[in-house]
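Novice: Sequence:
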Amino acid sequence: MHATETPSSGWEEPRATAVLVLADGTVIKGFGLGATGEASGEVCFNTAMTGYQEILTDPSYSGQIITFTFPHIGNVGVNDEDIESVNAASSIGACAVVLAADITTPSNWRATRNLDSWLKSRNVIGISGVDTRALAALIRSKGMPNAIIAHEPSGNFNLKALESKAKNLPSMDGLDLVPGVTSTQRLDWDQTTWTLGEGYGKQENPNYHVVAIDYGVKRNILRLIANAGCKVTVVPATTSAEDILALKPDGVFLSNGPGDPAATGQYAVPVIRTLIAKKVPLFGICLGHQMLGLAVGASTTKMHQGHHGANHPVKDKITGKVEITSMNHGFAVDASTLPENVVETHVSLFDGTNCGIALTDGMAFSVQHHPEASPGPQDSHYLFDRFVELMAKSKAA
Numbered sequence: 001m002h003a004t005e006t007p008s009s010g011w012e013e014p015r016a017t018a019v020l021v022l023a024d025g026t027v028i029k030g031f032g033l034g035a036t037g038e039a040s041g042e043v044c045f046n047t048a049m050t051g052y053q054e055i056l057t058d059p060s061y062s063g064q065i066i067t068f069t070f071p072h073i074g075n076v077g078v079n080d081e082d083i084e085s086v087n088a089a090s091s092i093g094a095c096a097v098v099l100a101a102d103i104t105t106p107s108n109w110r111a112t113r114n115l116d117s118w119l120k121s122r123n124v125i126g127i128s129g130v131d132t133r134a135l136a137a138l139i140r141s142k143g144m145p146n147a148i149i150a151h152e153p154s155g156n157f158n159l160k161a162l163e164s165k166a167k168n169l170p171s172m173d174g175l176d177l178v179p180g181v182t183s184t185q186r187l188d189w190d191q192t193t194w195t196l197g198e199g200y201g202k203q204e205n206p207n208y209h210v211v212a213i214d215y216g217v218k219r220n221i222l223r224l225i226a227n228a229g230c231k232v233t234v235v236p237a238t239t240s241a242e243d244i245l246a247l248k249p250d251g252v253f254l255s256n257g258p259g260d261p262a263a264t265g266q267y268a269v270p271v272i273r274t275l276i277a278k279k280v281p282l283f284g285i286c287l288g289h290q291m292l293g294l295a296v297g298a299s300t301t302k303m304h305q306g307h308h309g310a311n312h313p314v315k316d317k318i319t320g321k322v323e324i325t326s327m328n329h330g331f332a333v334d335a336s337t338l339p340e341n342v343v344e345t346h347v348s349l350f351d352g353t354n355c356g357i358a359l360t361d362g363m364a365f366s367v368q369h370h371p372e373a374s375p376g377p378q379d380s381h382y383l384f385d386r387f388v389e390l391m392a393k394s395k396a397a
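Residue numbers (UniProt numbering): 1 to 397.
Note that these hints are calculated values from the structure, not bench results. Beta carbons: idealized from backbone N, C-alpha and C, even for Gly. Where hints are given, some of them may not hold.
[To be verified] Listed below are the simulated DSS-like cross-link pairs for lysine-lysine, each with C-alpha atoms no more than 27 Å apart in a straight line:
id	residue 1	residue 2
1	K393	K202
2	K231	K167
3	K393	K248
4	K202	K321
5	K231	K248
6	K302	K142
7	K279	K395
8	K278	K395
9	K231	K302
[Stated by the list, open to error] Here are the in silico distance ranges between beta carbons for each label pair:
id	residue 1	residue 2	range
10	Q185	K393	27 to 35 Å
11	D24	H209	30 to 38 Å
12	G199	S164	42 to 50 Å
13	D361	T337	41 to 49 Å
14	D102	D80	18 to 26 Å
15	F350	L245	35 to 43 Å
16	A277	P71	46 to 54 Å
17	Y200	N123	21 to 29 Å
18	D188	P339	14 to 22 Å
19	G174	T105	25 to 33 Å
Input sequences plus hints: build the corresponding full structure.
Specialist: Next up, the structure:
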């Protein structure tokens, strides 16, 4: 956006058409894109350089405003294939986006539309012209703030009213956001991963049956489970242990999702404890990892700035290898509260927070990071094979 010259007044600064108002009263002005209106949420920053469409449609970002530190967001457009939410609702994912540069005309052979029009169709508000690195520095210093984002083409904003709304927003602590993103009914999944020239495949000869508890699951997780030779049945987050066991699964997957794990754990933990008692092989990712942690008696804590990006180093304490991973979480399992029958398997090399656990009996394990990537590196794909090995071991026993 550039200044304009008029005969009467000379150079004039362009008028802001969007504002981001933080709970502490900080006002950040910029230029609106996407939907108009207001949205509220917790502001986080994501350091990934690619995959903005997958990030924006990840249900784990529900209730959050994403600040992208990479400046060129929207340059490859969007398409109908790179969507991660399983739930059919078009609004699942981040509620707003903060960008440094204007969205350019897409330049990619897979693009079917412009990011701006796509954001409008999903009712996602955006603001550009922001010093996103300064905002990221603020979050690193003060933590993830609540905020109101508003987009009004006229540029007329009641900043005092917006500040008041931002101050009165509830903390992410104690919020159960899973009901807004989970599947409303049971569904079968057989789609496998994407390959150039062929698109997505289909699993037609499964060896195992996995029930995936949907706390906000990503599509690529389900694809990789199917890829590993599994029939997948996705069930809503509130499905009882009895109903899950009635499906006769070889294993149960605990999915990613948004919000405070302690709040979701009120109904999820009793189910998981029953499955553990029945010796059902379990594998959890992200919120599912936190659910398993709570189920075995550990506690979770709110993180200062969270981990959001596709370049996070994690050490596998069992093998000694370091993996570069995709991450998206604002809570973590407190490793100091793990019971004696649970070992810490992975740890973040950024801040030492817990990134993986396993029960010593070998029937359940989980990781905080996202081995399915989408976007991000594929260093951790082996975890899906480890889940299959666990189910094979259970069957043999």
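Novice: Give a verdict on every hint.
Specialist: Results for each hint:
1. K393 with K202: holds (25 Å)
2. K231 with K167: Roughly 47 Å between the alpha carbons, so the hint for K231 and K167 is violated.
3. K393 with K248: holds (16 Å)
4. K202 with K321: With Cα atoms ~32 Å apart, K202 and K321 exceed 27 Å; violated.
5. K231 with K248: Satisfied, since the Cα-Cα distance of roughly 12 Å is no more than 27 Å.
6. K302 with K142: Holds, at about 14 Å.
7. K279 with K395: Distance ~11 Å between K279 and K395 Cα, so the pair holds.
8. K278 with K395: Answer holds: K278 to K395 is near 13 Å, not above 27 Å.
9. K231 with K302: With a Cα-Cα distance of about 35 Å, the restraint between K231 and K302 is violated, given a limit of 27 Å.
10. Q185 with K393: 27 to 35 Å: Cβ of Q185 to Cβ of K393: about 32 Å, so the range 27 to 35 Å holds.
11. D24 with H209: 30 to 38 Å: Once the Cβ atoms are compared, 50 Å apart, the range 30 to 38 Å for H209 and D24 is violated.
12. G199 with S164: 42 to 50 Å: Given range 42 to 50 Å: holds, Cβ gap about 49 Å.
13. D361 with T337: 41 to 49 Å: Check failed, 19 Å falls outside 41 to 49 Å.
14. D102 with D80: 18 to 26 Å: Holds, since D102 and D80 (Cβ atoms, about 24 Å apart) stay within the stated range.
15. F350 with L245: 35 to 43 Å: holds (39 Å)
16. A277 with P71: 46 to 54 Å: holds (51 Å)
17. Y200 with N123: 21 to 29 Å: holds (26 Å)
18. D188 with P339: 14 to 22 Å: violated (36 Å)
19. G174 with T105: 25 to 33 Å: Given about 43 Å between the Cβ atoms, the range is violated.
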